[in-house]
Every structure is written in C-alpha cells, then in structure tokens.
Amino acid sequence: MSAEIKYITEPHPITGVSNAKLGIWLFLASEVMLFGALFSTYILLRVGSNHWPHGWEELNVPLATINTVVLIASSVTMVMAWASVKLNQFGKFRMYLGLTVLLALTFLVIKFFEYRPKFDHHQVWLHDGTSMRGHLTEDDDEQDYILFTRDADKEHPDVHHEAEKIERERIFRHSSFGPGHSNFFGTYFTMTGLHGLHIIGGVIVNTWLLFPGAVMFRTNRERFAGRIECAGLYWHFVDLVWIFLFPSLYLL
Amino acid sequence: MGGHGAEDIAKHVRVYVTVFAALLVLTIVTVGVAQFHLPIRTAVALAMLIALIKGSLVACYFMHLISEKSIIYWVLTLTVLFFVFLMLLPVLDVGGSTGSPL
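Line order of the protein sequences matches chains A and B.
For the first sequence, this note's numbering begins at 1 and goes up steadily by one.
For the second sequence, this note's numbering begins at 1 and goes up steadily by one.
Keep in mind the hints are simulated off the structure, nothing from the lab.
Mixed in with the good hints, there may be bad ones.
Unchecked claim - Selected chain A positions facing chain B (in silico; Cβ < 7 Å):
no.	residue
1	VAL32
2	THR65
3	ARG133
4	PHE211
5	LEU251
For each residue, glycine too, the CB sits at the ideal point set by N, CA and C.
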C-alpha cells in the first residue's frame with residue numbers, strides 16, 4: 001500500500017498554498033523567535049551594562065561590509081535560480097545556484113579571517129586596575145611571568161613595542177578576544193556563530209539541489225521549482241537576519 | 001508581482017536587479033551614516049530604519065511576500081506580535097529598576 005502525499009505542488013483547498021510552502025513559512029516563524037530571543041538578550045545586556053563598547057571600535061567593519069554585499073548578491077542569485085527553473089533554463093539555473101553556493105562559501109571564508117585575529121589578540125588586566133592589549137609572546141605555566149607585546153599606540157601607530165615581562169602576581173586576568181572575553185564578545189560570537197551555522201545549512205541544502213537533487217528538474221520540474229522556492233525562502237531569511245545583525249553588532 | 005508565467009517571471013527578474021541596486025545603496029548609506037558617530041539614540045533609530053527598509057525589500061520582492069496568500073500573512077502577523085513582545089521584555093525589565101546595574 002502506498003500513501004500519496006498531496007498538495008506538494010498544487011495549493012491546498014483550505015490554506016490556498018502548497019503544504020511545502022506553509023511548512024517552510026512556519027519553520028521560518030520559529031527561526032524568527034530563535035533569533036528574536038538572542039536580539040532580546042543582546043538589548044538586555046547592552047542596556048543593563050555600565051560599559052558597552054561600540055561595535056566599530058572592536059570589530060572589523062570593512063570585512064563585515066564586504067560580507068553584507070556578498071550575502072545580498074547571493075540572495076539575488078538564489079532568486080534568479082528559482083526564476084530560471086520557472087523559465088525551464090537548466091543551464092542558467094545551475095549557474096545561478098552554483099554562484100549562490102560560491103558566494104555563501106566566500107561569506108564563510110571572510111568570516112574565518114574576521115574571527116581568527118580575535119583569538120590571537122589578547123587583553124591583560126592588572127590588579128592595579130589598568131589593562132593593556134597586545135599579543136602573548138610567551139605563556140609558560142612553569143614561569144612566574146608572561147611575555148607580552150603591547151599593541152602600537154593609536155597616536156603613534158608606527159612605533160612598535162618590545163615584548164615585556166609581566167609577573168603573574170600582578171595579573172588579575174588575561175584573555176583572548178574570544179567569546180569568554182566579555183559580554184560584548186560573547187554576544188558577538190553567539191549571534192554571528194549561529195548565523196554562520198545557518199549559512200552552512202544553506203550551503204548543504206543548495207549543494208544537494210545543485211547536484212543529485214537536480215535530477216528532478218527533468219522528471220518533475222514543477223515540484224523541483226517548489227523545492228528551490230523553499231530553499232530560497234530559507235536563504236533570504238538568512239540574508240534578512242544579517243541585515244539586522246550587521247548594524248546592531250558592528251555599527252552601533 | 002502577480003503570476004508565475006514566463007512573461008511575469010521576466011518582469012520579476014528586472015525587479016530583482018532593481019532591488020539588488022537599492023540594497024547596495026542602502027548598505028553604503030548605513031555604513032556612511034555610522035561614520036558620523038551620532039548620539040546612540042539617533043544612531044540606533046537611523047540604523048534600524050535603514051535595516052527595516054532593506055529587510056522589507058528582501059521580504060516583499062525576493063520572498064514574494066508582496067503577493068502572498070492570506071494564510072502566510074496570518075502566520076507572520078502572529079510571529080511579529082510575539083517578536084515585538086520579545087523585544088519589549090528588556091524594556092519592561094530595565095524600566096522597572098532604578099540606578100546603575102551592579
């Protein structure tokens with residue numbers, strides 16, 4: 001006995017849309033609440049803190065701006081892929097969906113170059129209440145000191161400091177600029193990290209639709225168009241989240 | 001953005017390109033405005049206004065919300081109501097306290 005799944009491509013008589021489309025919109029509604037909870041937490045932490053750095057002081061705005069353009073471009077290629085399926089143009093569909101995947105991978109590579117320096121860069125807080133930023137040159141647990149190279153001063157960017165010894169007993173805390181550095185970096189890595197995971201999810205789905213899944217283009221084009229439309233709705237949502245994340249974290 | 005026939009799709013493609021250009025311009029505007037380091041309330045209002053316009057363009061044209069069925073609008077209306085409530089929670093919490101946080 002085989003059960004036929006109805007209303008995959010044609011609209012359901014009650015809802016007026018296909019079940020697949022209603023399903024993806026309900027999923028996106030749950031995603032709004034997921035990111036909404038994180039935005040709400042971010043507002044609470046920021047409004048409730050005595051000091052919160054400006055995003056542009058701590059983060060790489062030029063790289064994030066390039067990533068914004070990359071993601072917007074990928075949304076256009078995604079919707080063009082859907083249009084190509086509707087117009088029965090397989091070659092163009094492959095080109096546009098391939099470009100979407102490439103742009104998504106570009107976004108992730110840029111994100112890697114944005115993240116990596118945060119883990120190489122350190123801040124040291126001393127018991128006397130001062131702190132300094134720079135790079136850990138040596139941090140051997142056997143030694144009672146660390147070797148630390150301060151960043152160049154903003155007023156004299158060409159003057160580089162020599163590595164200096166800091167006795168451990170003077171150190172209150174030291175940390176890289178990773179998620180554990182502060183509430184700001186914890187929020188930044190959580191929100192951009194979750195968004196990055198969504199990008200990876202989109203790459204997996206779109207790559208499947210580009211290669212093995214594309215067989216359906218020839219066997220059942222209308223159903224395939226529905227799949228591309230649903231994948232597209234998800235992808236545009238990921239773009240939409242970034243449109244709000246970018247100014248919230250980087251520009252304010 | 002009515003039908004999904006071949007002619008309609010060709011029209012859609014022209015709209016997608018226009019929306020893409022608008023999104024690029026708005027990205028430049030939002031980064032440009034941030035360079036002025038405006039007071040935080042003004043900066044937040046401007047940044048969110050531009051993000052809202054950009055988001056609406058993506059939702060209306062790329063996600064075809066401009067010509068969607070009413071069931072989708074109902075789902076999204078409910079979502080927006082819950083989302084707004086979530087955003088107001090911190091305001092209610094912070095607004096109910098006095099002095100600086102510890």
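Quick one: which hint numbers does this structure break? Sort them smallest to largest.
3, 4
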